[in-house]
Amino acid sequence: MPVVSFEHVDVIFGPNPTVAVDMLDQGKNRDDIFAKTENLVAVHDATIDVQEGEICVLMGLSGSGKSSLIRCVNGLNKITRGHLNIRHKDTLIDLATCDWSTLHNLRTERISMVFQQFALMPWRTVRDNVALGLELSGVPKNKRHQIVEEKLALVRLDNWADKFPRELSGGMQQRVGLARALATDADILLMDEPFSALDPLIREHLQDELIQLQKDLKKTIIFVSHDLDEALKLGNLIAIMEGGKIVQIGSPEDIVSNPVNEYVAQFVASMNPLKVLSCASLMRPVETLENDDRKTNSKIIDPKNQTICTLDDQGRLQKVTHSGNDISMISFKEDLDLKTLPKGTIVTADADTPMRAAVEINFVVGLPLPVIDRIGKLIGVVGNKEIFSTILGKTNKKKSMV
Amino acid sequence: MNWTPDFLLEKIPFGKWVKFFVDGLTDNFHQEFRIFSDSLEWVIQGTIMSMAKVPPLILIVLLCILAYWLHRKWVLTIGVAGAMLLILNLGYWEQTLQTVALVIYATLVSVLFGIPLGIAAAHRKWLFTAIRPVLDLMQTIPTFVYLIPTLMLFGLGMVPGLISTVIFAIPAPIRLTYLGVTSVPESLIDAGKAFGASKRQLLWKVELPHAMPTIMAGLTQCIMLSLSMVVIAALVGADGLGKPVVRALNSVNIAMGFEAGLAIVIVAIVLDRILKQPEGKEYIGG
Numbered sequence: 001m002p003v004v005s006f007e008h009v010d011v012i013f014g015p016n017p018t019v020a021v022d023m024l025d026q027g028k029n030r031d032d033i034f035a036k037t038e039n040l041v042a043v044h045d046a047t048i049d050v051q052e053g054e055i056c057v058l059m060g061l062s063g064s065g066k067s068s069l070i071r072c073v074n075g076l077n078k079i080t081r082g083h084l085n086i087r088h089k090d091t092l093i094d095l096a097t098c099d100w101s102t103l104h105n106l107r108t109e110r111i112s113m114v115f116q117q118f119a120l121m122p123w124r125t126v127r128d129n130v131a132l133g134l135e136l137s138g139v140p141k142n143k144r145h146q147i148v149e150e151k152l153a154l155v156r157l158d159n160w161a162d163k164f165p166r167e168l169s170g171g172m173q174q175r176v177g178l179a180r181a182l183a184t185d186a187d188i189l190l191m192d193e194p195f196s197a198l199d200p201l202i203r204e205h206l207q208d209e210l211i212q213l214q215k216d217l218k219k220t221i222i223f224v225s226h227d228l229d230e231a232l233k234l235g236n237l238i239a240i241m242e243g244g245k246i247v248q249i250g251s252p253e254d255i256v257s258n259p260v261n262e263y264v265a266q267f268v269a270s271m272n273p274l275k276v277l278s279c280a281s282l283m284r285p286v287e288t289l290e291n292d293d294r295k296t297n298s299k300i301i302d303p304k305n306q307t308i309c310t311l312d313d314q315g316r317l318q319k320v321t322h323s324g325n326d327i328s329m330i331s332f333k334e335d336l337d338l339k340t341l342p343k344g345t346i347v348t349a350d351a352d353t354p355m356r357a358a359v360e361i362n363f364v365v366g367l368p369l370p371v372i373d374r375i376g377k378l379i380g381v382v383g384n385k386e387i388f389s390t391i392l393g394k395t396n397k398k399k400s401m402v
Numbered sequence: 403m404n405w406t407p408d409f410l411l412e413k414i415p416f417g418k419w420v421k422f423f424v425d426g427l428t429d430n431f432h433q434e435f436r437i438f439s440d441s442l443e444w445v446i447q448g449t450i451m452s453m454a455k456v457p458p459l460i461l462i463v464l465l466c467i468l469a470y471w472l473h474r475k476w477v478l479t480i481g482v483a484g485a486m487l488l489i490l491n492l493g494y495w496e497q498t499l500q501t502v503a504l505v506i507y508a509t510l511v512s513v514l515f516g517i518p519l520g521i522a523a524a525h526r527k528w529l530f531t532a533i534r535p536v537l538d539l540m541q542t543i544p545t546f547v548y549l550i551p552t553l554m555l556f557g558l559g560m561v562p563g564l565i566s567t568v569i570f571a572i573p574a575p576i577r578l579t580y581l582g583v584t585s586v587p588e589s590l591i592d593a594g595k596a597f598g599a600s601k602r603q604l605l606w607k608v609e610l611p612h613a614m615p616t617i618m619a620g621l622t623q624c625i626m627l628s629l630s631m632v633v634i635a636a637l638v639g640a641d642g643l644g645k646p647v648v649r650a651l652n653s654v655n656i657a658m659g660f661e662a663g664l665a666i667v668i669v670a671i672v673l674d675r676i677l678k679q680p681e682g683k684e685y686i687g688g
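These protein sequence lines are chains Z and X, in that order.
For the first sequence, the working numbering gives the first residue as 1, with consecutive numbering after it.
For the second sequence, the working numbering gives the first residue as 403, with consecutive numbering after it.
Okay, chain Z solo, but in the shape it has when bound (with noise of 0.2 Å):
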């Protein structure tokens, strides 16, 4: 069961919205109804699920409704037509009907965000700033002051605790604002653009730490990003938008090697393959591969090599040959260390393995790497022609993904 679900949300701003929630029914597009009634339609038709501990991430240009669709959730944007549930203690919530004290409690408990231009109150000092949430619902001062601790030192801000926002760098600043956002306790975290206004290399250590607390933490996260690169690297899910419309719904590696339309195409096309994909992504299927004649259960992975792989009953990796030799395997590790690996080693890689990894692994030992899952079964394979096919663009569209 989703966390939060949308169902066909209408999100329109101006003097008469009813009249345009008509017009959009009579299927008018929505240039032509704000030359005609002023009124414009911001999203149109947005049904998305969001499940627990999932990240989900609305994509799209500016002007395409992402942010006005996730300010819906909280209740920051009035939604025009169509529901918004929330569970909230094995209730529905629809954010679309509910009143002031129940979104009030929402606010307070449930739900929590994380804003684009940091909006840090620039008379509080970080402590004060990361507290803001837990004073606005009365959590007397010793608690509040042992929950700020707490979030500064997840963040790792501690030290900043008696300074103020512009004593900070951006980057600094936007921790405080994730660390605001989690004091909370809420489980439902909205970011709306949180790194878009920050440098190249700050953006990319935030979304890792973002990973990284995500893992202990497994909130649930909507985030707004106009970026396909932070949406494949973070997201579990990912909805492009387009003109107000979600023109395509899907996982990273759906959203990578079938896009819908030239829109979608083309953030996919200026993507940088090497920082967001993965293995599973990335590789050649199992069943794709050539058997070897001479033997039951085995898979050519380099054929000009004549590099083997034999699997048992079960499908699992048993041992890979090279020309006839047996060589030596080993599993990839985050901490493995690349100068000291021999030519002629097979690595086997599983389906998180980022793509940057099994390039450097692949011009390191010279041959193709195993994709394997958690019980040691062959799923596929990653060698020159599949990283230079995903380089160039060129992935098996119609490839089936795991």
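Among these hints, one or two may not hold up.
Computed list of lysine-lysine pairs in DSS-like fashion (alpha-carbon distance at most 30 Å, straight line) [said to hold, decoys possible]:
#, chain 1, residue 1, chain 2, residue 2
1, X, K601, Z, K89
2, Z, K275, Z, K218
3, Z, K78, X, K601
4, Z, K163, X, K678
5, X, K601, Z, K143
6, X, K678, Z, K78
Hints listed in this document are in silico derivations from the structure and should not be mistaken for laboratory results.
Based on the hints, put chain X in the right spot on chain Z.
Frame of chain Z, contents of chain X only:
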């Protein structure tokens, strides 16, 4: 040859209307206005008397302590002491106290009504549209014009001076409070709302703290405007540094005119320097 239509030649009795209105007030509410006026006069005179009971040197020392406590600057503190001693030496101490009392009460009234009105106007567009022309009127109408009705309603003394001063000074806190509250960035309001702030919390925890430097500027401006009214207040009988100036004007007394004028300038500078926001305490732009 007469190109003007007849109905334009007929004069609109605007002056008569105003006179009728003011006459109506004096005839019907004479008693009420007098009671109000007398009690306010009693409060102001009481304040002046209790200030006058304190030896001037002690008051000067207290003022210097306040100046140092607010700004931590020795030069400023010594300057304040020197300026106040000069007034004492010139012999205008009592009038200075009277003027300061008038300024304090005028500012108090202006702020008490002006700040809430400014906040209300910032939250309601129609209210701002409604009061804007009134504020323009209050600031541009020549003060002598409303001196006459205030005199009729409240009699001679501190109170008509106070009322005239308030009419002139109150637009500053209203306008600057409005400006401060409306210029709070949307993102801060959103942040407040997103973390569950009620309307009241939004006002006290987001809007007012952000607007505070602007509101303080409005307060300072209000004090300065009040001070600029002392001479005019003296015309309707308000005690203070304005009185010797008026007397000097009537008797062509250059010496007295310049001495009293210097005292007014000193009070203005001292108040301005003490009340100015210390640098670095402004959080805006952080």
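Here is how each hint holds up against the structure:
1. X:K601 <-> Z:K89: With a Cα-Cα distance of about 26 Å, the restraint between K601 (chain X) and K89 (chain Z) holds, given a limit of 30 Å.
2. Z:K275 <-> Z:K218: Answer holds: K275 (chain Z) to K218 (chain Z) is near 23 Å, not above 30 Å.
3. Z:K78 <-> X:K601: 17 Å, holds
4. Z:K163 <-> X:K678: 24 Å, holds
5. X:K601 <-> Z:K143: 25 Å, holds
6. X:K678 <-> Z:K78: Given pair K678 (chain X), K78 (chain Z) is violated - Cα atoms ~43 Å apart, limit 30 Å.
Of the numbered hints listed earlier, the single one contradicted by the structure is hint 6.
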